[in-house]
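Asker: Listed below are the residues making up each chain.
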Amino acid sequence: MKCFSFTLKQVDPITDELIVDTNVFKLEGGNLIKLTGPSREFTEEDIVDFDREIGAIAGISMNDLLHGDSSIRVEEVVVQPPAKLLKVVKVKRKKESLLYLLVTEVLADGEERVLYVNHRSLRVKLNEAVREASRILGVDESSIWNVLE
Amino acid sequence: MSHLREVTREELRVNYLELRDASLEKIREVAEKLAPQLMPKPGVDYKVYLSVKPPLREGEELITYTQSVCPECYSLLRAVIFKREGKVWIRKVCPEHGEIEELYFGDASAYERFRRYQAEGRGNAVTHVPLQAPCPFNCGVCPRHKSHAALINIVATNRCDLSCYYCFFYATKAGYVYEPSLEHIRYMLRQARLSEPVKPPALQITGGEPTLRDDLLDIIRIAKEEGFTHVQLNTNGIRLAFDPELAVKVRKAGVNVVYMSFDGVSPYTNPKNHWEVPYALDNLRKAGLGVVLVPTVIKSYNLSDVGRIVRFGLKHNDIVRGVNFQPVSITGKMPRKEREKERVTIPDVIAEIERQTDGQIKREDWYPVPSVAPLSRFVEALTGKPQLTFTTHFACGAATYVWQEDGEIIPITRFVHVDELLSFLQEKAEELEKGRNKYMVLLEVAVKLRKFVDLKKAPKRLRERGKALRLLLDIFVRHNYESLGEFHYNTLFLGMMHFQDLYNHDVARVSRCDIHYIMPDGRQVPFCSFNVLEELYRERAQRAFSYTVKDWEKLTGTSLIAQHYKRNIRKLISGEPYRRHYEGIIDIDSIPYEDHVLASKRFGIPVVDE
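So the protein sequences, as listed, match chains A and B. Quick note: the first sequence, position 92, residue 1306 per my numbering, numbers continuous. Quick note: the second sequence, position 509, residue 514 per my numbering, numbers continuous.
Source of the hints: derived by calculation from the structure; they are not laboratory data. One should not assume that every hint holds.
[Said to hold, decoys possible] Distance condition first, Cα-Cα at most 25 angstroms in a straight line; then the derived BS3-like pairs of lysine-lysine:
1. K443/B x K1339/A
2. K1309/A x K88/B
3. K576/B x K291/B
4. K1216/A x K46/B
5. K462/B x K472/B
6. K390/B x K1309/A
7. K1223/A x K58/B
8. K1339/A x K204/B
9. K1240/A x K1309/A
10. K1308/A x K46/B
11. K1223/A x K1306/A
12. K472/B x K1216/A
13. K443/B x K1309/A
14. K472/B x K461/B
15. K439/B x K1339/A
16. K1306/A x K439/B
17. K1304/A x K462/B
18. K88/B x K1223/A
Let's have the full structure, built from the sequences with the hints guiding it.
Answerer: Pasting the structure below:
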């Protein structure tokens, strides 16, 4: 599983400047454990995964990376299925910071299913997203607030 | 394109004779099974060559990098957008087919002005296909798409009563008949309305020529039943010209406006329907059904006519609601020298309109489509409900409104301070989003709106009793959108919509597209994927759900060729409506009959005397 962290500064077609970090947490015994792995350069092989993990959720696509000045790293995280995951995509801009929460389930055959996402089009308030994620994961809301901090 | 495997096409074709009477559930089952197989295949339909960076040369200034496709093999390429000699260009290099350079936007300063209005969409929470391929080979809509659809197109048939020389789409040339059943259409429309949180409100029924379908009224009815509040009919106007009842019937069935091809005011610039348009307008007038004229603009062909097209629209403003210019999208492969004769972009057309209207409609009067996004944001912040927002790429389209009074053309910018109004609404939207009391904001809007309107310069009709201001108050404060209808009456909307082609293709534009097609396999595809990568989307999907010509002719007991229109020019030009509509626009009597005939025949439409 790939985690993308990057900076982007663009003026075309929109003016934007942002820092994005992605973290993955695995549900283990009622706790959320941060998964880590080796980091490497972004390659052409990562394009579709980038768009799936970042473009679909935060609205920043590979095309945006090409449009601006960007610096991107890929962290390879190994997930042993079956597993329930909480992915947190943090988008930091000058005026605002946005947090996207994604709850997924990795099935025994490796297939990953999305159970919840506070998609940007829905304008869900963060406390509502935390409440929903905690319900699906079966953990206290405080556990999620802790990892968000 | 030769790279497509014929065998794939044949394998993925259903027997439509069996599906035509099927239930919606059966159609859904077949569509869902076929859709994944019809998706573009890496290595077969396209390759990815993003590491090849196109060069910049002396005298060129970088604007940005993007992605595009090779016109020969559809491979995904890195492209550079740059300035040179006051214009904007796009260049890409395919390792297999070499360098391709094309004009992207004919005026670099207009590009920079339009870019300032870009607004970013927030995508769709519910999409139709999983994300498995790079853009634009994953259309359907995919989860990465940035805008929600504002207008859905549905192809009702690929049959056409015209046989224009350049068209390869219509059934006779395509070699199959695509004509989804009513239940199939209902399935497609339901697919289009799956989107969340903003469902597309508008539908365009298109073709081929949709008026050839005997069950057109049922299609309109189904569109309304499935929740489309605005239905427009895209037509060449031939049938509307000869069947006065048709306009009445489609209006009663629920069509809100007709989109009618209209490439120029003379037989030379509009051999498609020059002679029939006056009769179609009269019938639409009698039916009370408004029409938007749609000229496709080609540099060497009808760019010289754009001012007269505007004047024609104003002359018939009682029924013509707008003119939507479409700078040419080049179909098929064409050498660069040939393309240069045809290529025209939005700022080129705008500049010509300014020149041909003696500066009455200036280039500053035009605004790019996403400039209106603050209006949606304001309403969204006020109501808390997601609103339809036009977040297409700024290079895709532009618009303005004009009125005519005592022979003078008055654009909206003469009496509405558009930039200031948009900034004000943006500011108020931000305040609402931060939690400011909405009644306080509304009060402030009501008080301050007048400062954005200069009533003294407004057209007389909008000046009376401060009507212009009242309309703005109705829209922004009272949310009474019926006022919009009043605003549009005797107002001429002028639009530009530049659909892409394989030469100027830009993924940044595709990913922001808000005009989509719903396909028979249930996928919803942006306009410029459907029509630009047509072999991967339009052709493949429609062929899969089509009749063979032989089957269709046997089924209907008629032949495709027999339906082709034959024009009686002598009769058309001698009618009173013809003279009345073109009087004051062109010198009708100076065109010899032989020229009329030649123009029609060259275009591919036969002429008869009786």
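Asker: For each hint, tell me whether it holds in the structure or not.
Answerer: Now for the hints, and whether the structure bears them out:
The suggested pairing of K443/B with K1339/A holds, with an alpha-carbon distance near 19 angstroms, which does not exceed 25 angstroms. Annotation: proposed proximity of K1309/A to K88/B is violated, straight-line Cα distance about 31 angstroms (limit 25 angstroms). Pair hint K576/B plus K291/B holds up; C-alpha atoms about 21 angstroms apart against a cutoff of 25 angstroms. Annotation: proposed proximity of K1216/A to K46/B holds, straight-line Cα distance about 24 angstroms (limit 25 angstroms).
Taken as a hint, the K462/B and K472/B pair is honoured in the structure, with Cα atoms around 13 angstroms apart against an allowance of 25 angstroms. With a C-alpha separation of about 23 angstroms, the suggested pairing of K390/B with K1309/A holds against the 25 angstroms cut-off. For the hint linking K1223/A to K58/B, the alpha-carbon distance of about 19 angstroms falls within 25 angstroms, and the restraint holds. A C-alpha spacing of about 22 angstroms is found between K1339/A and K204/B, which places the hinted pair at or below 25 angstroms, so the restraint holds.
Between K1240/A and K1309/A the alpha-carbon distance is near 31 angstroms, which puts this suggested pair outside the 25 angstroms criterion. About 40 angstroms separates the Cα atoms of K1308/A and K46/B, which puts this hinted pair outside 25 angstroms; it is violated. Using a Cα cut-off of 25 angstroms, the hinted pair K1223/A and K1306/A holds, with the two alpha carbons roughly 12 angstroms apart. With a C-alpha separation of about 58 angstroms, the suggested pairing of K472/B with K1216/A is violated against the 25 angstroms cut-off.
Restraint check: the Cα-Cα separation between K443/B and K1309/A comes to about 22 angstroms, which is no more than 25 angstroms; the hinted pair holds. Simply put, K472/B and K461/B have alpha-carbon atoms about 12 angstroms apart, close enough for the 25 angstroms limit, and the pair holds. Using a Cα cut-off of 25 angstroms, the hinted pair K439/B and K1339/A holds, with the two alpha carbons roughly 13 angstroms apart. Our distance criterion of 25 angstroms between C-alpha atoms is met by K1306/A and K439/B, whose separation comes to about 18 angstroms.
Under the criterion of a C-alpha separation no larger than 25 angstroms, the hint pairing K1304/A with K462/B is inconsistent with the structure, at around 50 angstroms. For the given pair, K88/B sits about 20 angstroms from K1223/A by alpha-carbon distance, which is consistent with the 25 angstroms threshold.
This entry does not satisfy hints 2, 9, 10, 12, 17, going by the numbered hints stated previously.
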